Amino acid sequence: MAEKQGSLQIGEVAQRTGVTQRTLRFYEEKGLLRPPSRMGGGFRLYTEEDVKRVNHIRRLQDLLGISLADIKEMVDADEVLRELRSQYRPESAIAEKRNQLQKATAVTEAQFAIVKQKTEQMREMETQLTERLRLFTRWKQELDELETKAAPTRG
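Here the sequence shown is numbered in the working numbering, starting from 140 and rising by one per residue.
No lab work stands behind these hints, which were simulated from the structure alone. The structure presented is a predicted model; accordingly, all values stated were derived computationally and were not measured. Keep in mind that a hint or two might mislead.
Pair ranges (Cβ atoms, derived) [said to hold, decoys possible]: (1) 272 with 244: 37 to 43 Å; (2) 242 with 281: 17 to 23 Å; (3) 241 with 148: 37 to 43 Å; (4) 161 with 201: 16 to 22 Å; (5) 155 with 270: 40 to 46 Å; (6) 280 with 164: 53 to 59 Å; (7) 272 with 181: 53 to 59 Å; (8) 256 with 155: 29 to 35 Å.
Beta carbons are placed, not taken as given, at the ideal position from N, Cα and C, and that holds for glycine.
All chains, please: the whole structure from these sequences, using the hints.
The following block contains the structure:
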(Lines of atoms letter the chains of each structure in order from A and count residues from 1; the text may use other names and numbers.)
(Lines give C-alpha, C1' and ligand atoms only; values in the text may rest on other atoms or scores of the structure.)
Protein backbone atom coordinates (compact mmCIF):
# COMPACT_ATOMS: atom_id res chain seq x y z
CA MET A 1 0.00 0.00 0.00
CA ALA A 2 1.53 3.35 -1.04
CA GLU A 3 2.13 6.07 1.53
CA LYS A 4 -0.27 8.94 1.21
CA GLN A 5 1.15 12.37 0.39
CA GLY A 6 2.98 13.90 3.38
CA SER A 7 2.42 11.06 5.82
CA LEU A 8 5.93 10.51 7.22
CA GLN A 9 7.15 12.34 10.29
CA ILE A 10 10.72 13.57 10.60
CA GLY A 11 11.82 10.78 12.95
CA GLU A 12 10.63 8.07 10.57
CA VAL A 13 12.37 9.72 7.60
CA ALA A 14 15.57 10.08 9.63
CA GLN A 15 15.45 6.40 10.61
CA ARG A 16 14.69 5.20 7.08
CA THR A 17 17.44 7.30 5.47
CA GLY A 18 20.14 6.99 8.14
CA VAL A 19 20.48 10.73 8.75
CA THR A 20 19.65 12.75 11.82
CA GLN A 21 16.59 14.93 12.21
CA ARG A 22 18.97 17.87 12.38
CA THR A 23 20.42 16.87 8.99
CA LEU A 24 16.92 16.79 7.48
CA ARG A 25 16.24 20.30 8.81
CA PHE A 26 19.65 21.40 7.44
CA TYR A 27 18.82 19.95 4.00
CA GLU A 28 15.54 21.84 4.11
CA GLU A 29 17.31 25.07 5.11
CA LYS A 30 19.85 24.71 2.28
CA GLY A 31 17.17 24.00 -0.30
CA LEU A 32 18.12 20.36 -0.79
CA LEU A 33 14.66 19.35 0.44
CA ARG A 34 11.47 21.26 -0.18
CA PRO A 35 9.84 22.56 3.00
CA PRO A 36 7.51 19.74 4.07
CA SER A 37 3.85 20.20 4.78
CA ARG A 38 3.00 20.52 8.45
CA MET A 39 0.49 18.95 10.80
CA GLY A 40 -1.67 21.04 13.09
CA GLY A 41 0.96 20.98 15.84
CA GLY A 42 3.68 22.14 13.45
CA PHE A 43 5.16 18.67 12.92
CA ARG A 44 6.85 18.24 9.56
CA LEU A 45 5.25 15.72 7.20
CA TYR A 46 7.42 14.19 4.49
CA THR A 47 6.59 12.16 1.41
CA GLU A 48 8.10 9.06 -0.15
CA GLU A 49 9.65 11.41 -2.75
CA ASP A 50 11.43 13.20 0.11
CA VAL A 51 12.81 9.86 1.32
CA LYS A 52 14.04 9.08 -2.21
CA ARG A 53 15.63 12.52 -2.48
CA VAL A 54 17.47 12.15 0.86
CA ASN A 55 18.72 8.71 -0.20
CA HIS A 56 19.86 10.21 -3.52
CA ILE A 57 21.70 13.01 -1.69
CA ARG A 58 23.46 10.51 0.58
CA ARG A 59 24.40 8.32 -2.38
CA LEU A 60 25.94 11.28 -4.18
CA GLN A 61 27.84 12.32 -1.06
CA ASP A 62 29.18 8.81 -0.55
CA LEU A 63 29.89 8.07 -4.18
CA LEU A 64 31.26 11.39 -5.36
CA GLY A 65 32.33 13.10 -2.17
CA ILE A 66 30.81 16.30 -3.48
CA SER A 67 29.60 19.43 -1.73
CA LEU A 68 25.98 19.96 -0.77
CA ALA A 69 25.81 22.79 -3.34
CA ASP A 70 26.86 20.37 -6.10
CA ILE A 71 24.46 17.76 -4.77
CA LYS A 72 21.65 20.31 -4.85
CA GLU A 73 22.46 21.03 -8.48
CA MET A 74 22.50 17.30 -9.27
CA VAL A 75 19.17 16.48 -7.60
CA ASP A 76 17.53 19.66 -8.94
CA ALA A 77 18.63 18.61 -12.43
CA ASP A 78 17.08 15.18 -11.89
CA GLU A 79 13.81 16.88 -10.95
CA VAL A 80 13.93 19.05 -14.08
CA LEU A 81 14.48 15.91 -16.18
CA ARG A 82 11.55 14.14 -14.50
CA GLU A 83 9.38 17.19 -15.12
CA LEU A 84 10.41 17.35 -18.78
CA ARG A 85 9.62 13.63 -19.17
CA SER A 86 6.18 14.12 -17.64
CA GLN A 87 5.49 17.08 -19.96
CA TYR A 88 6.58 15.23 -23.11
CA ARG A 89 3.80 14.56 -25.57
CA PRO A 90 4.42 12.60 -28.81
CA GLU A 91 1.95 14.85 -30.59
CA SER A 92 3.77 18.07 -29.62
CA ALA A 93 5.23 20.31 -32.29
CA ILE A 94 8.85 19.69 -33.30
CA ALA A 95 9.84 23.10 -31.92
CA GLU A 96 8.45 22.16 -28.49
CA LYS A 97 10.21 18.79 -28.56
CA ARG A 98 13.46 20.51 -29.56
CA ASN A 99 13.08 23.00 -26.69
CA GLN A 100 12.57 20.15 -24.19
CA LEU A 101 15.55 18.30 -25.61
CA GLN A 102 17.73 21.42 -25.28
CA LYS A 103 16.70 21.86 -21.64
CA ALA A 104 17.35 18.17 -20.91
CA THR A 105 20.74 18.40 -22.62
CA ALA A 106 21.73 21.52 -20.65
CA VAL A 107 20.89 20.01 -17.25
CA THR A 108 22.60 16.74 -18.10
CA GLU A 109 25.70 18.61 -19.28
CA ALA A 110 25.78 20.48 -15.95
CA GLN A 111 25.58 17.16 -14.08
CA PHE A 112 28.27 15.71 -16.32
CA ALA A 113 30.57 18.67 -15.62
CA ILE A 114 30.31 18.08 -11.86
CA VAL A 115 31.02 14.36 -12.20
CA LYS A 116 33.85 14.97 -14.67
CA GLN A 117 35.53 17.44 -12.32
CA LYS A 118 35.31 14.97 -9.43
CA THR A 119 36.55 12.14 -11.64
CA GLU A 120 39.58 14.22 -12.64
CA GLN A 121 40.28 15.01 -8.99
CA MET A 122 40.00 11.32 -8.10
CA ARG A 123 42.37 10.38 -10.95
CA GLU A 124 44.85 12.98 -9.73
CA MET A 125 44.65 11.55 -6.23
CA GLU A 126 45.02 8.02 -7.62
CA THR A 127 48.18 9.09 -9.47
CA GLN A 128 49.64 10.63 -6.31
CA LEU A 129 48.90 7.52 -4.27
CA THR A 130 50.32 5.25 -6.99
CA GLU A 131 53.54 7.27 -6.99
CA ARG A 132 53.71 7.09 -3.19
CA LEU A 133 53.23 3.31 -3.26
CA ARG A 134 55.99 2.96 -5.88
CA LEU A 135 58.31 5.00 -3.66
CA PHE A 136 57.49 2.84 -0.64
CA THR A 137 58.05 -0.31 -2.69
CA ARG A 138 61.45 1.00 -3.81
CA TRP A 139 62.39 1.85 -0.21
CA LYS A 140 61.34 -1.62 0.91
CA GLN A 141 63.51 -3.19 -1.80
CA GLU A 142 66.46 -1.03 -0.69
CA LEU A 143 65.94 -2.12 2.92
CA ASP A 144 65.70 -5.76 1.83
CA GLU A 145 69.01 -5.39 -0.06
CA LEU A 146 70.69 -3.74 2.94
CA GLU A 147 69.39 -6.49 5.19
CA THR A 148 70.69 -9.17 2.83
CA LYS A 149 74.14 -7.54 2.68
CA ALA A 150 74.26 -7.12 6.45
CA ALA A 151 73.22 -10.68 7.19
CA PRO A 152 76.10 -12.80 8.43
CA THR A 153 77.19 -15.40 5.95
CA ARG A 154 77.26 -18.95 7.15
CA GLY A 155 79.68 -21.32 5.79
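Each hint, compared with the structure:
1. 272 with 244: 37 to 43 Å: At 40 Å between Cβs, range holds.
2. 242 with 281: 17 to 23 Å: About 59 Å separates the Cβ atoms of residue 242 and residue 281, which means 17 to 23 Å is violated.
3. 241 with 148: 37 to 43 Å: Since the Cβ atoms of residue 241 and residue 148 sit about 41 Å apart, the hinted range of 37 to 43 Å holds.
4. 161 with 201: 16 to 22 Å: The hinted range 16 to 22 Å holds for residue 161 and residue 201, with Cβ atoms some 19 Å apart.
5. 155 with 270: 40 to 46 Å: holds, 43 Å
6. 280 with 164: 53 to 59 Å: holds, 55 Å
7. 272 with 181: 53 to 59 Å: holds, 55 Å
8. 256 with 155: 29 to 35 Å: Since the Cβ atoms of residue 256 and residue 155 sit about 31 Å apart, the hinted range of 29 to 35 Å holds.
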